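Engineer: If you read the sequences in order, they're chains A and B.
If you count the first sequence from 1, position 173 lands on 173 in full-length UniProt numbering, and the numbers rise without skipping.
If you count the second sequence from 1, position 286 lands on 286 in full-length UniProt numbering, and the numbers rise without skipping.
It is worth saying that the hints were derived from the structure and are not from the lab.
The structure displayed is predicted, hence computed values, not measured ones.
Treat each hint with caution, since some may be false.
Below, in silico cross-link-like pairs of lysine to aspartate or glutamate (EDC-like), each with a Cα-Cα straight-line distance of 16 Å or less [unchecked claim]:
hint, chain 1, residue 1, chain 2, residue 2
1, B, 151, A, 94
2, A, 151, A, 73
3, B, 2, B, 205
4, A, 151, B, 205
5, B, 52, B, 86
6, A, 35, A, 58
7, A, 151, B, 26
8, B, 295, B, 177
9, A, 300, A, 192
10, B, 52, B, 94
11, B, 151, A, 86
12, B, 300, B, 205
Protein chains: 2
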Amino acid sequence: MKTVRLDLSHSPYDIHIGQGLLQRVELIVPLLPQKQVAIVSNETVAPLYLEKLRASLEGAGVCCHSIVLPDGEQYKTWETLNLIFDGLLANRCERKTTLIALGGGVIGDMTGFAAAVYQRGAPFIQIPTTLLAQVDSSVGGKTAINHPLGKNMIGAFYQPRLVLADLDTLNTLPDREFSAGLAEVIKYGLIDDFEFFEWLESNIERLMSRDSEALAHAIERCCRNKARVVAQDEKETAGVRELLNLGHTFGHAIEAGLGYGAWLHGEAVAAGMMLAAHASHELGQIDDESVARIKALLTKAALPVAAPDLGLARYRELMAGDKKVESGRIRYILMRELGQCYAGELPLDVLEKTLKTGCDR
Amino acid sequence: MKTVRLDLSHSPYDIHIGQGLLQRVELIVPLLPQKQVAIVSNETVAPLYLEKLRASLEGAGVCCHSIVLPDGEQYKTWETLNLIFDGLLANRCERKTTLIALGGGVIGDMTGFAAAVYQRGAPFIQIPTTLLAQVDSSVGGKTAINHPLGKNMIGAFYQPRLVLADLDTLNTLPDREFSAGLAEVIKYGLIDDFEFFEWLESNIERLMSRDSEALAHAIERCCRNKARVVAQDEKETAGVRELLNLGHTFGHAIEAGLGYGAWLHGEAVAAGMMLAAHASHELGQIDDESVARIKALLTKAALPVAAPDLGLARYRELMAGDKKVESGRIRYILMRELGQCYAGELPLDVLEKTLKTGCDR
Ligand SMILES: NC(=O)c1ccc[n+]([C@@H]2O[C@H](COP(=O)([O-])OP(=O)(O)OC[C@H]3O[C@@H](n4cnc5c(N)ncnc54)[C@H](O)[C@@H]3O)[C@@H](O)[C@H]2O)c1
Ligand SMILES: NC(=O)c1ccc[n+]([C@@H]2O[C@H](COP(=O)([O-])OP(=O)(O)OC[C@H]3O[C@@H](n4cnc5c(N)ncnc54)[C@H](O)[C@@H]3O)[C@@H](O)[C@H]2O)c1
Ligand SMILES: [Zn+2]
Ligand SMILES: [Zn+2]
């Protein structure tokens, strides 16, 4: 087991990465203010892992309620969140009942938000079961639900007390979901960890075959990167955390433009990172070879490298509606060189050329 | 104008109390990260004060959106909250748009919660227009909405950047609402400010005639008391803040037992404080004369001094559902002496006698 510590001054916590962690109840129990938990999962993940987790917790004398939600991003809404509150209140759960998220990013984001606002704040533990959730969404305390007018518009910064990334759970993850998670993994290499980018180039086949040792290394490295950034800028005010949005300004536009669900988030981020690479190349900051290396790595990860052709106007409109907007100007995460990103703006003509080069047509 | 400072280490803020504050835009503008605000009010308060506030803000070059909600505790729900999000998103408000609550505690609680979770946290200003909101709900950062299974079950601790208590707005407040606010005022005297309790005994008639000078003194004193407690225990973890619940364990049971809306919150708190007084008397802690003084003051404030007779079993059931419960035991705020409260439990037989003495029959 590897452990990454997230060093927040007021509420530091550990991210454990390894095999068989669902049974390692001694990692969880000391963190519970009361021996009562509510495990929140969904209809896909619950049949696979809920009983295992429940059995190990009950073995340690913990009273477990479980709340099983429908599966899918389309349920990341207030109505579904309310099912969590209904379950908690029906079981008379107090504000010291710990909420445990068992699932991917959707379950993690919703459960975290439910914990943030249930009786003004209940304890919370993340057990992420997708690669994306293990390297990204479970770490850092961003929680949210969607609003009909925008994704993740309603939420809170709310830190878990523990993140348990059990590598065994990844064995049942569909290939497409696994690749989508790799997009976020590759993102960390591109943001500011060139050494990791090169490691990924050498080990992408091992990752694709879900080799535990390679996965453990990659997940630990991502968590370490994210933990460092989050510790510097917990609430996304200092701009440091902004870099984690590499590929996301474009990516969110792609997801919204195609209609949520058409592409997976990670797929849209992959195409978005390619657009960021093209834009940076257009600005004269990275060379042809760098663009080619990014493209090759994403391709080996079975990710899209061309963005859908929504047209300049539609892209701009979609990106202006994205929430990473300061007084109307759109911010992009761009590449100064391979493995080194910064936040900035894009002149309109550069954006136009970028879309010409980077979109499927 | 009087000013009380709430000394929170990370986000201190001022509570200004005085006449004509709606026009004192120079108190607001320096606190806005962007010259854009969304004023949230309701159908009763908006016609009275919204234009005045809007005119003064627009005069200072601030772009104002306004969101007018239906009036009433029954609208303190997710559906109504969503109207705030709809309004913010329809106007493309960013996370630096400041939300201003203009209204009583319902508007304050909902707007505060909306600000807490809109894009994971937008700036927030309170302009309380009821006495209850000026002395209690606008100070301290507790925000919430109701859930069908419980009042204030979903919420956040989220501090405003400023509280403006404009005494002029109290002139239009219905008498019953005004008295309900006085219940919370009297509460502060009882908790741990005997000097203030005696001041209230001497000045209750001036308060009832809404004398501005007396009101300013009382509101300042209440805010000072609440600010001190909140600064010591921002998130209600240390037990200090618990004392603010004097009369509330019983009061919430009364509100729920009669059906929300039958009694005003402050009315239920008044009857709840009388029950707390009877219980403390039963425990041998305060004498007959003290009980009589509390009763006399509440009566002069036109508040109920007898609780509805819901029966012992129903009271217990209702209070066990109240959220101030630690592992199933019910906590009460009781009086050690007149003007000095503490948190503790009540033996069943004492509770029974208390209800016998304190309930209307
Ligand atoms: N909070 C953050 O910082 C953050 C960061 C990135 C993404 N997100 C959010 O995360 C969400 C995406 O997360 P995701 O990619 O994990 O999607 P997801 O939670 O929808 O999971 C993807 C699919 O895999 C299934 N699944 C999960 N674990 C499985 C397992 N072990 N075996 C088999 N199937 C399994 C799920 O039921 C689902 O059908 C989005 O809502 C996004 O907004 C949040
Ligand atoms: N957050 C906290 O710490 C806290 C503390 C106490 C109470 N509360 C909450 O506050 C709420 C009660 O607040 P409230 O008593 O202010 O009730 P309220 O907000 O419902 O206001 C009472 C009535 O007075 C009207 N009104 C408001 N200002 C007026 C004015 N100036 N002139 C004429 N009419 C006016 C309102 O429209 C409403 O009809 C409850 O929901 C309670 O849970 C919160
Ligand atoms: Zn992402
Ligand atoms: Zn109250």
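Engineer: Run every hint past the structure and note whether it holds.
Structural biologist: These are the hints, each one checked on the structure:
no., hint, result
1, B:151 x A:94, "holds, 14 Å"
2, A:151 x A:73, "holds, 10 Å"
3, B:2 x B:205, "violated, 22 Å"
4, A:151 x B:205, "violated, 54 Å"
5, B:52 x B:86, "violated, 24 Å"
6, A:35 x A:58, "holds, 10 Å"
7, A:151 x B:26, "violated, 36 Å"
8, B:295 x B:177, "violated, 19 Å"
9, A:300 x A:192, "violated, 21 Å"
10, B:52 x B:94, "violated, 25 Å"
11, B:151 x A:86, "holds, 13 Å"
12, B:300 x B:205, "holds, 8 Å"
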